[in-house]
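**Student:** Each chain, letter by letter, is given below.
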Amino acid sequence: MEGLTGIARAQLRILKNNITGIQNQPLLKTSFISAFIVLFWVGALALMYKGLWFFNKFPIVGPALVDEAIYLFFAALFIMLALSSIIICYATYYNSLEVDYLFSKPVHDTVIFMYRFFQSVLFSSWAFLFLGVPFLLAYGLVKHVPLWFYLSIPCYFVPFILLPAAFASITVLLFVKFISHRRNKHILIAACAMVVVVLYEYYMMYIRPELFAKSEIDYFLNDLLHHLSIFKYPLFPGYWMAKSIIHSGVNDIGNGLFYFVAFSLTTVFFLQINWFLAEKTFRSGWLSSRGGRAKKSFPTHKGIVNKIPNLFSFLPRFTTAMVVKDIKVFLRDPGQWFQFLIYFAILSIYILNLRNLPSSLNSASYDTYWKFIITFLNLSATALVLAGLAVRFLFPVMSLEGNKIWILGLAPIKFRHLLFEKFITSFVGILFISEFLMISTNIMLRTKLSLMLISCGLAALISLGLVGLSIGLGSIYPNFKEDNSAKIVSGFGGTLNFIIALFYVIFTITSFAIPLFSYEVHHSITERTFYHMTAICCIMNLIATMVIGIIPMVLGYKQLENMEF
Amino acid sequence: MIDIQKVTKRFDRIVAVDNLNLTIPQGEFFSILGPNGAGKTTTLKLVAGLLRPSSGKISVNDYDINEHAIQVKKLISFIPDVPFVYEKLSGREFLYFIGELYKMNRKQYEAETERLFELFHMKDYGDHLMESYSHGMKQKVVICSALIHDPRIILIDEPMVGLDPKSIRLVKDILRERADHGTTIFMSTHTLNLAEEISDRIGIIHNGNLVGLGTVDEIKRAAEDTGKFEDVFLKLTAEA
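Residue numbers (the working numbering), protein chains in the order written: chain R, 1 to 565; chain P, 1001 to 1240.
A hint or two may mislead.
Stated by the list, open to error - Restricting the straight-line Cα-Cα distance to at most 20 Å, the calculated cross-link-like pairs of lysine to aspartate or glutamate (EDC-like) are:
| hint | chain 1 | residue 1 | chain 2 | residue 2 |
| --- | --- | --- | --- | --- |
| 1 | R | Lys448 | R | Glu520 |
| 2 | R | Lys414 | P | Glu1067 |
| 3 | R | Lys302 | P | Glu1067 |
Stated by the list, open to error - Covered stretches of chain R, going by a simulated chain P footprint (3 or more residues, C-beta under 8 Å):
| hint | region |
| --- | --- |
| 4 | 402-410 |
| 5 | 437-445 |
In case anyone wonders, no lab produced these hints; they're calculated from the structure.
All values reported here derive from a predicted model rather than from experimental measurement.
Ideal placement from N, C-alpha and C gives every residue a C-beta, glycine not left out.
Bound conformation, chain P alone (with noise of 0.2 Å):
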């Protein structure tokens, strides 16, 4: 479970998520829709651990982000949008960091690693250094990687960016599935069908405030907007 109590993040002036609250049980699958800027990126790295809240409480599974880091870190996979790896590794090498980091079994994370590259159809490329890959096949590394360690909630940015439209239907079926056996997946994307297609629940986040939350039709009832969802989204998130 993840919880953002009366959370604010500042850089400088600027407002990035402006008291933010948000509740997200165990095993929902939360997606956050908004324009560029809006604060998701920023909400999802402050759940990450990547930033600090200017003020407010973050916790999850009941450990506070600040006090009990590690423990949640333990819990927690973070998919970036743009997948930033070590270039001179190869997909295989990286995982295996990836397996001792969180102290996995040696055993454990080189079948892990075995099992999700064959589901990335990536067994072929493996072996060879990352900086030669496209940027799909990192992105494909970098969900393996995040998925490799069994996390209790997934934290991603944009996953489909850079994916062919197999990966695509694979990693919608995986969180999904993951999702449906207890899993928490917290996603932020651009994307509104995918939202509309896989997500319990949807928070349409404006300027750093949250506009809109609940599942789409909650969204248009409260928008009063019986319409397309992108019209409701593009009602709730229109500059004043």
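Just chain R, same shape as in the assembly (with noise of 0.2 Å):
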């Protein structure tokens, strides 16, 4: 392991210089921002606890569906987690410079390979620490469990971080020494995507509904469970995770340290898998990134996206021109229209699932309580979904500008102009993708029309707001030297910007749902108080999402115009 001391030591300067770099910055921001993170931190507890205790207090199945949330929690972050891995892991082992340089020292390929590899395990978990730690008190809190099982979350932590890294990582060498350079990578990729088809429709038809007859609960919420079932296969690694936390938060030490064992050990064989494939593959994955790509050419007389500028020739030339050209640029990255292709896959299941969820929603059998929990909390996920949407891909769009910045600085432009084209387009993006949201998940939700109509009203009004927070965010916290988004997002500004973001719809959902909630459910208001606040309700909203939205853009221009390159 020659040369992993050096590295070790210089990532050290590096992060000393960085808590430096913090212990500079002004006292009353780090101080706000500390406690906001800390705010974040404890209202994600409460909330989390809340869900889980509203879920414990059914009778008999309480406890069951408190547990179904754990395997649900473990697969949902073991296969994000996965998903994740992978982009990362690929930029970081052959989309950086810096592997380019280290290669021309005389380090061993394995060393780089471990310090990419932990470099990226580090990029992907971070978001899980945030939520995972939060998600496991809350368990223990509902479960009463032992105080060693709180002492313990940190060792949970290791191998589930480590496990779908592997994964990702040994995915990634495979696919950069085998398929990536290949002339007929694409019918691999369509072969790959075939077998997993074939699995899926293997394990729908033969294996779930063994896993369902073997279900201990089968006369309550059973549609529930039979979606559920998935996830407590027992040869998904999230499932013994799951396991061995419901386990050991019964006490029941045997079973539960069996089940983390079991996690722990595969993580360690597919991590010698990872080593023993770096040690094969790394060097000559990485030479073949390097060369033998074919150049492929971009005519300027082709494609829809050349013909943008005549389409919208109303628009000013400026805007058309940087459309285009941050079109192109995104499509042209795989890491960038992968990742939005994860999201849309997510949705699409989230989205088809609804069918089976309410098949009887406007049947006697659901009050009208259940008709309003459920539109609110599809038009929450949806709002969170926008929210990480905009944190994630908004945020990073004035830092992609990155070092080319200085084109822009010496363009004859203002950058008003530069942040207003930015907020446009993007909101165009967000508004369709929000409203197409709303209307499919509540078309599938057979909702009344008049919630159906609140609800895309006050889907635009989240969209308006995030977007101007994201964007004006971005340009107040602007990373330019940083070319991976994913890295952009995760320092100070992204979770400012996911906080706030945050904070803003559960504002912005509460504050509808308690007039409609106290009249339409509980009828504890009249017609007229309603009416009332709902008025205020509604002014209260657009002076949020004009202070939400505005005051960062403001500051953000400010910056620019500020800014020396």
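If you follow the hints, you should be able to join the two separate chains into one complex; please do so.
**Tutor:** In structure tokens, the structure reads:
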């Protein structure tokens, strides 16, 4: 492992310098942000506790539902971690000037690989630490687990972060070595997709019915448990972690330890495969990623994107030029659109699954309470997805101009035009997505037209606020030195954006939910009061949206205008 | 014309440019020389409007660069030492993008792109993404992008880095020809021979101060050294 110590020392020095940089920031700023982060964390804990407590209080099935939530949580996180790790591993291994530099030094391939692997683990897992800890604490509080459960939480994290990263790393190593630079790569990718579809169909036809038949609870919420059974497949690693936590929670140390060891040993096994493959393929894969790539031609007169200036000739030329440039850069960066596709794949699954949920939402068996609960939960889910999209894809928009920002700094344009262009194009995109989501999910849920219209209106309002917030904060805290958008988002500004977006979404939905529930469900207010409250809510939300959307944009504009290049 | 009056630029406690006074008339090829960290790039960036002076005033063709930033930007072009470009655009797309930013007529920038690519032997690579270009090819594209809108003032920071000898000759000829036709050229370089060969006047900057100004002969006379220009340069920039 010659060289690893040197790299580690350099990284520690960088970390130390970064901490010094934070210490040099104004105390008020760091205190404010720290307080915000703590507040968010406590808020997340409170929300998760409230949610699990809500499930737990259901007669008979309550505790089982909480356990189902654990299966769901770890399954979803495992899949998300694996997918995000694939993108990050690819960028970290093969799309980095630092790797090029390290390969020119007398450092062994495996040392470079190990360093980059752990770096990608850190990049992909920070959000998990942020959300995973409050979830497990909330679970512990609801289940009244023994004290040692809380102390063992850090032990769960290490293997749980490493295993999906190892899976992802192996996938990337094999992909780059055997597929990415071949002429028939599209056929191979299609074949892999076919295998995934066949495996899914096999699961649906043979494994899931068997799992469902074994379910202990077959008299209540059958539909729900039926759909969740996919996460209880015994060969799925997320299942072992969930099992270990569930057993540990009831002081069943033997079974808890068994599943934990099973998970940890699997992690070690896949890490070994990862090292083995790295030794055999990392350098050769890196070399093939650098050479032999056929230079593709991009004629300027072909393709729909090149027609945009003609189609939108009524817009200012700067706007269309920037839009064309941004679309081309986005489409030619697989890292960007692959993440976008993942978002949409998850959303599609969500929308399609809504078909199964309330087969008779409008029938007498579901009372008004549930109709409102499901509609607002759907609105919340959609708004949170929008917040995620805005933070992930809009916050880095300005930073991604990167070291090319001098081109715009030198051009005869004002930065307010640039900011406006980014805002408008992002808003059009987010509005389209949000309205599509609201209409499709409400159709799937068969909600009343009035509820659908309220949802659509709220989604439009939230989109406006979120876009202004993300573009504005992205301009206040730009990171022109980084070209990896995942890293840009994980910085200080991105975290702040995420926290504010979350509070904004919660505020908007709660403020409308209160009068609607009070009037329609609990009948605790008069019609007159309801209209008064709704009017006040509308004004409050318009003000909140203006504050959230406009203030960061104004501050971002000032920051850009005063920027030196 | 570029007019720099009593300009100082500080980065925290470091003074990069110290009370600089310099006037470069229209059509002059002016080169600024100096050791690393002397303040050459900072001076160029100040004139380009990419940095803001801590004190003093800069005007370009009688426009104050702070008060009339847009008018000034229309007049100037800047070629940085490191050619950062949109890697996911092709060279041709990049030049078209620049043409749109400067609101050029579409036919005009398309024709100018072809002419410049022909000149720089970039025609065969024009539709390839710039991520596949070498450093020199990117530098050529940046030079083309600086020339495409026919600027009245060209600011160049180390223009020859990464270029092959043929391209260096070409760039020298183009710049000289532009200067002869009234374009003001303000070039920063470490290459003394280059500055001697093509400049009308030279400025030598050291620790943010202009320690030499004039033609090569004038600088030699002022330094009371009639030897090689290299020796004069080393003498003027020697640390006390």
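**Student:** Of all the hints numbered above, which does this structure not satisfy? Sort the numbers upward.
**Tutor:** Numbers 3, 5, in rising order.
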